[in-house]
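Q: These are the residues of each chain, in order.
Protein chains: 2
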Amino acid sequence: MENRVTLKELSKLLNVSISTVSKALRDSPEISPETRKKVKELAELNQYVPNALAQNLKNRKTKTIGVIIPSILPHFFAKALHGIETKAAELGYGIIICISNESREKEAESIKRLMNGRVDGLILSLSRETQASKDTSHIMDILKYRIPLVLFDRVLEEIDCDKVSINDALQAEQATIKLFQQSCRKIVYCTGISNTSVDDQRKIGYLQALESLKLDSNFVEFDTPEVASAAIQKLLKQDKMDAVLASDELSAILAMKSILKSGYRIPEDVAIIGFTNGSMSEHFVPSLTTVDQHAEEQGSLALETMVDRIEGKLPADKLNYKLETSIIQRDSTLPE
Amino acid sequence: MENRVTLKELSKLLNVSISTVSKALRDSPEISPETRKKVKELAELNQYVPNALAQNLKNRKTKTIGVIIPSILPHFFAKALHGIETKAAELGYGIIICISNESREKEAESIKRLMNGRVDGLILSLSRETQASKDTSHIMDILKYRIPLVLFDRVLEEIDCDKVSINDALQAEQATIKLFQQSCRKIVYCTGISNTSVDDQRKIGYLQALESLKLDSNFVEFDTPEVASAAIQKLLKQDKMDAVLASDELSAILAMKSILKSGYRIPEDVAIIGFTNGSMSEHFVPSLTTVDQHAEEQGSLALETMVDRIEGKLPADKLNYKLETSIIQRDSTLPE
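Residue numbers (our numbering), protein chains in the order written: chain A, 1 to 336; chain B, 1 to 336.
Hints in this document: simulated from the structure, not taken from any laboratory.
Among the clues, some could well be false.
Same chains, same label: a pair holds when it works inside one copy or across any pair of copies.
What the hints assert, rightly or not - Below, in silico cross-link-like pairs of lysine to aspartate or glutamate (EDC-like), each with a Cα-Cα straight-line distance of 16 angstroms or less: (1) K63 / E109; (2) K322 / E304; (3) K186 / E173; (4) K106 / E129; (5) K12 / D239; (6) K134 / E105; (7) K186 / E30; (8) K106 / E90; (9) K318 / E109; (10) K144 / E41; (11) K144 / E44; (12) K186 / E211; (13) K186 / E297; (14) K61 / E102; (15) K63 / D292.
None of the values given here were measured: they were computed from a predicted structure.
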């Protein structure tokens, strides 16, 4: 890479202007076919790589969207990326992706890395640290430099940009009511993703439902699978659980395993609804009833909004999409 | 983004040279503190973003590694990315990721997108199309421009670059022998990832083991879950299956579900070993005995090799790592 020739060096070698070399490489009819051929041969011989940013300075468009996600391991983000990727290909854009690993510092680094002229816009799902601290100065940099920004799934309402998310509170409320309708009265909220906006919203929805139904709340919040299993088995022994609303796929699976291991039946003794519709939810036995967060649709809509924003097709006022979601009925709740 | 000011415009506004502006922005002691302050204020006011590539042309290092993977949905690649990401952070590098969606054309586009001065090197796991067609002209471009390249997991031996993979043939052979030692004599090979180098290698290992054990082979190759289930249930009915070697996680899970649904026991009636150690393998009931492909370690070693190559710490001859793998004993095979 160190030995790559520049336009200037090519122009010297051929004794023509830089502009001639550049036009010849872009097959401009202004340049004679002979010169074009000569320039291209020399460029190839010297391993010339067109300088993306030098080109961008001309037309100021990279046709590339930067995407930053908090983690690659949860299936939700893999599916959201898949949605972003597919829609980008359809609209003639490419994407480049960075992972913040739930760290505010890495998120800020990724923003700088992508922002330095590499991308036309940024799509972000915020890291847990940023959501917990609400320190968004690094996000404000994006807006300051007038680079289009779309937040998806993990958003902060106070940031002035386009947003795509689901109405987590409403969904959690409806899922809780669905459990109540199956005669569950001891509904436990189980989460492995505390301190994220989605979890906060789901808790709000859960508590709202319980309040209107006049039921007591009970929480299992955990860092490790062992903690989750122990807490669930304790609640079962104390007869304090006949349903689980699980905020993430892993906690739903851990809850089901604990319940089955303790000799209880799903859904007859304990019914469960989870969030995120990953492959574990689909293939576990019993399969898991889940709130479909439409990961692919969120990704797809975020990308489409970004492209519309870049291409000047949207009004100045920012958009705030709240996707309608639905509950996918499977075997961990009673049939309707 | 269209309105961003350039160094040249800043230099005109301040009536100083471009070089002075550039040095002032980099806090060079050559420039007086007053001028530095003035330049920075104006730059901020005009939303100046340093041009990454213009900077790269100076020091020719982006401290960024490009990564292209064939798909984001299989857990193997999510884990490999996690390994790449973690090691990169440790060594002070950033990564940017593109997805080829198993398409040779998108792989070529991603290479161009990343190669144009954005990255110091490329880490690739080849798309299915590239592996099937063996048309590697787009990969040869990387080598032609002397950009360091590391292939991982899905590699082609004929490409002259550093490689990190597991010895798939040997692992499949050992897994087959393990099933034989559990008294299985009707071992079926099940795959949903035909036409990849890893699958080809695993088939070779499976066939080698069967030849030495004087057993017959039997294959289930499928595109959709329905096809897989139907084929497996047919083999069970015909009494042609007492073990499954599954080339990917999804086919292992589908096989287990079909077997259980047909009323057979795992591992007593049919034993199963899968490849890839994803979360479904761990959490399914029964949990799946798998060949651990060390996804994170492959990613981590690929990144480390890349950085060593970039920093001139490796000999000119290319390295070809074949990672040792191991079998993780779980409940889908008899205990040893």
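Q: None of the hints should be skipped; say for each whether it holds.
A: Hint by hint, here is what the structure shows:
no.: 1; hint: K63 / E109; verdict: between (22 angstroms within a copy, 12 angstroms between copies)
no.: 2; hint: K322 / E304; verdict: within (15 angstroms within a copy, 42 angstroms between copies)
no.: 3; hint: K186 / E173; verdict: within (15 angstroms within a copy, 51 angstroms between copies)
no.: 4; hint: K106 / E129; verdict: within (10 angstroms within a copy, 34 angstroms between copies)
no.: 5; hint: K12 / D239; verdict: neither (84 angstroms within a copy, 77 angstroms between copies)
no.: 6; hint: K134 / E105; verdict: within (13 angstroms within a copy, 41 angstroms between copies)
no.: 7; hint: K186 / E30; verdict: neither (78 angstroms within a copy, 71 angstroms between copies)
no.: 8; hint: K106 / E90; verdict: between (30 angstroms within a copy, 12 angstroms between copies)
no.: 9; hint: K318 / E109; verdict: neither (25 angstroms within a copy, 32 angstroms between copies)
no.: 10; hint: K144 / E41; verdict: between (43 angstroms within a copy, 14 angstroms between copies)
no.: 11; hint: K144 / E44; verdict: between (40 angstroms within a copy, 9 angstroms between copies)
no.: 12; hint: K186 / E211; verdict: within (13 angstroms within a copy, 58 angstroms between copies)
no.: 13; hint: K186 / E297; verdict: neither (33 angstroms within a copy, 44 angstroms between copies)
no.: 14; hint: K61 / E102; verdict: neither (29 angstroms within a copy, 27 angstroms between copies)
no.: 15; hint: K63 / D292; verdict: neither (31 angstroms within a copy, 39 angstroms between copies)
When the structure is compared with the earlier hints, violations turn up for hints 5, 7, 9, 13, 14, 15 and for no others.
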